[in-house]
Amino acid sequence: MLRFARWKVASVLAMSLVSIFLIVPSLLPADLRSAMQKALPKWVPTQAIVLGLDLQGGAHLLLEVDSSDVLRSQVNNLRDDVRRILREENARLSGGIGIQGRTVQFRVPEQADRNRALPKLRALSNPTGSALGVVSAPPYEINEQPDGLVQIVVTDAGVNERVRRAVDQTIEVLRRRVDALGTTEPNIQRQGADRVLVQVPGLQDTNRLKEILGTTAKLEFRMVADPGASPADVDQLDQTDQPGKIGVEKRVMVEGEDLTDAQPSFDQRTGEPVVNFRFNIRGGQRFGEATSANVGRPFAIVLDNKVISAPRILSPITGGSGQISGRFTVEQANNLSILLRAGALPAKLSIVEERTVGPGLGQDSIEAGKRAAYVAGILVFCYMLITYGVFGIFADLALAIHIVMIFAGLVLLQATLTLPGIAGIVLTIGMAVDSNVLIYERIREEARAGRSVVTALDAGFNRAFATIIDSQSTMFVAAVILYFLGSGPVRGFAVSLGLGILTTVVTAVTMTRMMIALWYRFGRPQKLPI
Amino acid sequence: MRTFRLAPDNMTFGFMRLRRVSYPFSALMSIISVLMFLAWGLNFGIDFAGGTLLEVRAKSGTADLTQLRGLGDRFALGEVEVQAFGGNADATVRIRLQPGGDAAQQAAVERVREAITSDYEFRRIEVVGPRVSGELVQSGTLGVVLSIVSVLIYLWFRYEWQLAVAAVIATMHDLLLTVGFFAVTRLEFNITSIAAILTIVGLSLNETVVVLDRIREMMKKYKKLPIPQMIDLSINAVLSRTIMTSTTTLLALIALVLFGGHVIQSFSLAMMFGVIVATYSSIFICSPILIYLGVRDAADKG
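Residue numbers (our numbering), protein chains in the order written: chain A, 1 to 530; chain B, 531 to 832.
It cannot be assumed that every hint is accurate.
What the hints assert, rightly or not - Here are a few chain A residues that sit away from chain B, every Cβ distance over 12 Å (derived from the structure):
id, residue
1, Ser-16
2, Leu-17
3, Arg-195
4, Gly-202
5, Ala-310
6, Arg-355
7, Ser-365
8, Leu-518
Claimed, not checked - Simulated restraints, written as ranges between beta carbons of each label pair:
id, chain 1, residue 1, chain 2, residue 2, range
9, A, Glu-331, B, Gly-630, 37 to 47 Å
10, A, Asp-205, B, Thr-671, 30 to 40 Å
11, B, Leu-536, A, Ser-452, 38 to 48 Å
12, B, Asp-649, A, Ser-265, 27 to 37 Å
As the list claims (entries may be wrong) - Here are the simulated DSBU-like cross-link-like pairs (lysine-lysine), alpha carbons at most 35 Å apart as the crow flies:
id, chain 1, residue 1, chain 2, residue 2
13, A, Lys-370, B, Lys-750
14, A, Lys-306, A, Lys-218
15, A, Lys-527, B, Lys-589
16, B, Lys-751, A, Lys-527
17, B, Lys-750, A, Lys-527
18, A, Lys-306, A, Lys-250
19, B, Lys-753, A, Lys-370
These are computed hints drawn from the structure, not numbers from a lab.
Where a beta carbon is used, it is the ideal one built from N, C-alpha and C, also for glycine.
Between the sequences and the hints, there should be enough to build the whole structure, so can you do that?
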């Protein structure tokens, strides 16, 4: 009981000191902390506790890539590829190329035509990435009927692969868009097969964020259809600046992906907010050719299947740059240029979960959590003191270190502190003394049974230890399950609860034991104070 | 120095006699819990039911609750639950899950936001779509089931079957009553409630383990003593510890209920209830079972 190996004492002391050291940066104001980060060598811990969005305020959006949209564009692409190959091979079709669900089907009556075209069609099905040694299932399955009917079906593997790529692409585009908003440390990550989690701390206007994230931003330049054009070649599209539909040719002159830059600006004549853009070389050329051929006719600027404006081509636009006007507000012009710069999303996105906390409520929650922690701390502190006297002080000291260690653990793991996390810490304030109580009660019992002070102390610590491990491990299991099932705030609760349980074993068992040993060595008391 | 304590030393209270009161009482409470759960169900929050929760603060004066309630009819959103809290300037507005998938939820929020944005500050917006809420139900259920299974495994390794059965019954008792507590009080049941339930399972087991460990120890020490006396002796021995720990935990939880803010109040209240029930069951439910199960055989063999 009274003897402790030097290394044991040293390591407990070191752990406490390191813990105190770790939480110091979190207590400093942010500007001082960043100054420290610059001034001090890298190994000095200067990280602060990471606060969850529920405490610092911010937006949490879970977005889902529309898989059916991905599949639809995949099937359309497949049909275009089929048409190109059949044309290249001069294969004669009977009827058109039909689409049904995830199947592209067509009829090539001549055996000779089929023999030429099919190997090329099969080549479409070579999985991408096979060159790298990655063997994946083929994206398409080709069925050939004796009567010349060919069906190409997109396989599950094909869809999944395409969705995976769409999500990757979406993450890239979203990152560019969020960065353009000038926010600090956004977190954008894949979640599951078809979802993207976007977390932006400290954001005030989540509405703008939602608008910017949720817009596909597929920009197309198309000609407004002549009144006499065949209806098969014309789309009737909505207009953003006036009611009614407008007929627009299906053929796309230039697409948004050929833009290299877009900036908000003001029209020189009207003073109206506009977006100035610049094409890359290919886009500039195509746009130049198209406008040269159609001087005098109106063309449509189409964003996500809505016509923003339909200006008349006054003269060929060959400089590779242009202007989009559409009765924008300044903010709309800003948003549009961000969207055009960042590029279009590969598929529609929908918001499946949103949790936004304003900075005011976050601050209130921190205050409330602090207040609860102080009150809980003081209550438990006093209660231990009046129940166990001097031993209560030891337990209280251990409790203080215990709380410091929880925070240090959070800093070390860079785990997020959430409001339920604070609740978890407050709860462990109440439960941490459990180990001390178990030990002290045992000591009292042994003393009452007539043992000497030293034997009572010894027996108390030894006998209570097994029970402490038992009872704490049950709580630990609960914390682990919570960690793996929960997300966000609840996970924060699990982390602080789990950390609290781990550190309580160090503080309540080892640390108080050392303190009591020290107390005994100096005082040599004949009676226990409890 | 004289120290203060709630449970006197050398107590020899006959807890086992009280099982004639505690068993019918717990049976009644359990039946009420089940009936209330079946009749009223739980008051699912948006985590599990889907829908929208807005927390708003009037920019000046007090929140106009009638106006906020009227939003439901105005935009055909169905019933809109409005609750004032804290000062009169704060209110929560809950909009039910709208038919029409994820986009419909966002559209509803957008309309409400536009209508009241000039008068109110939005302190919190939570929108949970139909699919996400379904997934949360799944993972919540999985969590509770997993925790029960891991409790069973733990007890199976840890104890003779009589003690394990007693512990399982006590834990289930606490779980059942906690669910009943949610059903009766209509406290909102959401993800943090699942966290509360899992923590209560842990706490309940914690209390039970402390009592059972002592009973097992006593069993080997006093082989001649009749079982009820032996159990009484064990409980009296750990009583001061049990009361002490429950009190400190309750003190911390009272601080959370009073000062922790409205966001986690339902969590804190449920935890408080759980601590009380767990303490009660470890003494009055778990231990008397051993009398019926003939625990002595286990001690003799073990």
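Evaluated hints:
Look at Ser-16 of chain A: its CB is around 22 Å from the nearest CB on chain B, clear of 12 Å, so calling it non-interface holds up. No beta-carbon of chain B is positioned within 12 Å of the beta-carbon of Leu-17 of chain A; the least distance is around 27 Å. The Cβ of Arg-195 of chain A does not lie farther than 12 Å from every Cβ of chain B; its closest approach is about 9 Å, which violates its non-interface assignment. The Cβ of Gly-202 of chain A lies farther than 12 Å from every Cβ of chain B, with a closest approach of about 14 Å, so its non-interface assignment holds.
Look at Ala-310 of chain A: its CB is around 28 Å from the nearest CB on chain B, clear of 12 Å, so calling it non-interface holds up. For Arg-355 of chain A, the non-interface assignment is contradicted: its Cβ lies about 5 Å from the closest Cβ of chain B, within the 12 Å cut-off. Separation of Ser-365 of chain A from chain B is inadequate, the least Cβ-Cβ distance of about 6 Å not exceeding the 12 Å criterion. At roughly 19 Å from the closest C-beta of chain B, the C-beta of Leu-518 of chain A stays outside 12 Å, upholding its exclusion from the interface.
Separation of Glu-331 of chain A from Gly-630 of chain B is about 28 Å and departs from the stated range, judged on CB atoms against 37 to 47 Å. Between Asp-205 of chain A and Thr-671 of chain B the C-beta distance comes to about 37 Å, which sits within the given range of 30 to 40 Å. Roughly 28 Å separates the CB atoms of Leu-536 of chain B and Ser-452 of chain A, a value that falls outside the hinted 38 to 48 Å. Between Asp-649 of chain B and Ser-265 of chain A, the C-beta spacing of about 35 Å keeps the proposed range 27 to 37 Å intact.
Only pairs whose Cα atoms come within 35 Å are accepted, and Lys-370 of chain A paired with Lys-750 of chain B is rejected, the gap being roughly 47 Å. A distance of roughly 10 Å separates the Cα atoms of Lys-306 of chain A and Lys-218 of chain A; the hinted pair therefore holds under the 35 Å criterion. Proximity of Lys-527 of chain A to Lys-589 of chain B is assessed by CA-CA distance (about 64 Å); at most 35 Å being required, the pair is judged violated. As the CA atoms of Lys-751 of chain B and Lys-527 of chain A are separated by approximately 27 Å, the hinted pair is consistent with the 35 Å bound.
A threshold of 35 Å between alpha carbons decides the hint, and for Lys-750 of chain B with Lys-527 of chain A the separation of about 30 Å falls inside it, so the pair holds. The straight-line distance between the Cα atoms of Lys-306 of chain A and Lys-250 of chain A is roughly 13 Å, inside the 35 Å bound, and the hint therefore holds. Distance restraint check for Lys-753 of chain B and Lys-370 of chain A: the Cα-Cα separation of roughly 51 Å exceeds the 35 Å cut-off, and the hinted pair is therefore not satisfied.
In the structure shown, a violation is registered for the earlier hints numbered 3, 6, 7, 9, 11, 13, 15 and 19, in ascending order.
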